[in-house]
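Undergrad: Take a look at the letters that make up each chain.
Protein chains: 2
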Amino acid sequence: MSTTQTSKIEIIKAPTSKINEVDFKSLSFGSVFSDHLFECDFKNGEWQQPVIKPYAPFLLDPSSRVFHYGQAIFEGMKAYKDENNDVWLFRPDQNYSRFNTSAVRMAMPEVPEDIFLNGLNQLLQLDEAWIKKGKGNALYIRPFMIATGTGVIANPSNEYKFMIILSPVSSYYSGDVKVIIAEHYSRAANGGIGAAKAAGNYAAQFYPTNLANKEGFQQIIWTDDATHTKLEEAGTMNVFFRINDTLLTAPVSERILDGVTRKTLIDLARSEGINVEIRSVLVSELVEAFKNETLKEIFGAGTAAVVSPISGFSYQDVYHELPKIENTMALQLKTKLENIQNKLDADPFGWTVKV
Amino acid sequence: MSTTQTSKIEIIKAPTSKINEVDFKSLSFGSVFSDHLFECDFKNGEWQQPVIKPYAPFLLDPSSRVFHYGQAIFEGMKAYKDENNDVWLFRPDQNYSRFNTSAVRMAMPEVPEDIFLNGLNQLLQLDEAWIKKGKGNALYIRPFMIATGTGVIANPSNEYKFMIILSPVSSYYSGDVKVIIAEHYSRAANGGIGAAKAAGNYAAQFYPTNLANKEGFQQIIWTDDATHTKLEEAGTMNVFFRINDTLLTAPVSERILDGVTRKTLIDLARSEGINVEIRSVLVSELVEAFKNETLKEIFGAGTAAVVSPISGFSYQDVYHELPKIENTMALQLKTKLENIQNKLDADPFGWTVKV
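These protein sequence lines are chains V and A, in that order.
UniProt numbering numbers the first residue of the first sequence as 1 and each following residue consecutively.
UniProt numbering numbers the first residue of the second sequence as 1 and each following residue consecutively.
Isolated chain V, as found in the complex (with noise of 0.2 Å):
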């Protein structure tokens, strides 16, 4: 291995590369990592030395505070790679101030915009041949942090480990959703963490969708856990829901993640003549939309996915399949959004930024 040091990072090199033991045609998410990682340890009250490294496995006392009190945050990013083998990250900016914003919920500590960005920058330099071309095709950047410092006491720690791997993944397709409506079980608390990206959040939610995977469902479509009257999340993802011509999705809250993909779909929609409502949807309203037959389309929107559409929902023990309908909102919007990213459409919003 070479040590060098560029602009403050430590960077390790590994000795060989991965990158021709992976099959790109046939990636599995989330399951494949690139050569390196970058890691910065938090210690005596301030962020120690950044380190680009290989990825490997690495040493955790048993009493380490992530496995007994859940201090665990991350991201999810996506890199692409455009016609002339230029690197580009969407919106990076909203994942960097959401990662602190649920690093402030959390008790730990800020990371800052030069640890963050300028090692995930230089990171993605040095990992640039695992971004692959062509619509769908991106290189998952996984920002996390986690509590390392020791000791079974129910207190924030005082040391914690922020890193950043990258995983190869090409167009998510996620088939034919159909979804339950949640009566019961709930993945946030009012004055709770829904709206961060803690770890704990999502464990939370396993066995709910074991259960509605056991009936048949894919997702669960979240409610608020005061009177299930109102429809907020979609697995993990934000929902929309198209009545006749209009967009309809619930505000962000304590209870709903401020999604970039969310975010992006309303600027996107509106941009494109839609007529985009953000206020809280009731369970009540969309069984009488589908009644009346004006509930056209409903569909998640995640950095995975991207857009994942819904064929039908299951409520009270009734199951309501959508119509098929030509020309989607999901595939416009999908389709307009993945050609932004991918540099294959003109970005007039200025979202895509060059690495």
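No lab work stands behind these hints: they were computed from the structure.
Treat the hints with caution; some may be incorrect.
Any copy will do: because identical chains look the same in the list, a pair fits if it lies in one copy or spans two.
Straight-line C-alpha distance at most 20 Å; calculated DMTMM-like pairs for lysine to aspartate or glutamate [claimed, not checked]:
| hint | residue 1 | residue 2 |
| --- | --- | --- |
| 1 | LYS178 | GLU326 |
| 2 | LYS25 | ASP82 |
| 3 | LYS18 | ASP61 |
| 4 | LYS178 | GLU293 |
| 5 | LYS13 | ASP61 |
| 6 | LYS230 | GLU288 |
| 7 | LYS291 | GLU113 |
With chain V fixed as given, assemble chain A onto it according to the hints.
TA: Only chain A this time, still in chain V's reference frame:
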């Protein structure tokens, strides 16, 4: 290191003990660990060879699911040593069954009884020198399980690690505990994971608790997230209120942990002839009881502190200091319970189990 096989558990002994480096007179809770730990991995759908080995850091992949999706649960227990040097556990069956209840809710595999309890027994026998005699002295036991499968996709892991680590503790003295009643933040949702000892539940409390600390309060009394009118837990403990000579505590629910100390205190109080009501206690009722001077005591109950008296509470920016009284139920029950746990009194309930 010598390797021997004892009733299916592989035992790798530490070459030397760290015990002489430990000052048992000034222990900081949960910060020192004994010579050995118990470990058992879950892979390919089954539990693997259990091992007792020297306490040491272990390797994890950066994409381990525990870091990203928070599948992590734990228990808190204690082992005690009596005057004859016999070692005792307190209601270990309760912790064992609650551990598996947590596992189910977090979509993790249940741990078989012979792995959990037999593993614990053998670990305690090996590290029995770490258990000191005398009231308040104990070996704190931390069984925990984390998701070790790799891949950044929000699905349950297919690999897990179950561990038990041990930390010597002395009497836990919390000092003067003033609390603030939660009016905005919450620890649990209806249909959420508040009843599970899930790591993520604890991290969620740190930020609001830090805010309370800054205002001069040590802990928060959590209320229901939907209305903030019902008193539910105090910090990481269950909570009891004494109005006149009646003890009140909330029923366990999806939002409230089924605490072993809680249920023990209920039985112990009743056996002492104290009237105990298990029902929702309203914030308004507490304020009213304070005003008409029928509110005598508030205390938390948990494994670490056993009983933690609360000296006053703040609600809607008004601080209510409880009058100092003699012969508190908190002290009466704590003494009774610690005497049973440390085998200084008879145990007519059959709660103590010899290792």
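Undergrad: Are the hints correct? Go through all of them and say.
TA: Cross-check of the supplied hints:
Taking the shortest alpha-carbon separations for LYS178 and GLU326, only the intra-copy value of 19 Å comes in at or below 20 Å, while the best inter-copy value is 62 Å. In this assembly of identical chains, the alpha carbons of LYS25 and ASP82 lie at most 20 Å apart only when taken from the same copy (18 Å versus 65 Å across copies). Taking the shortest alpha-carbon separations for LYS18 and ASP61, only the inter-copy value of 16 Å comes in at or below 20 Å, while the best intra-copy value is 29 Å. Within a single copy, LYS178 and GLU293 get their C-alpha atoms as close as 18 Å, which meets the 20 Å cut-off; across copies the closest is 57 Å, which misses it.
When the C-alpha separation of LYS13 and ASP61 is checked against a cutoff of 20 Å, the pair qualifies only between copies, where the shortest distance is 18 Å, while the shortest distance within a copy is 26 Å. In this homomeric assembly, LYS230 and GLU288 come within 20 Å of each other (Cα to Cα) only inside a single copy, at 14 Å, whereas the closest approach across copies is 35 Å. Taking CA atoms no more than 20 Å apart as the test, LYS291 paired with GLU113 passes in neither setting, with 50 Å inside one copy and 52 Å between copies.
Hint 7 from the earlier list is the only one contradicted by this structure; the remaining hints agree with it.
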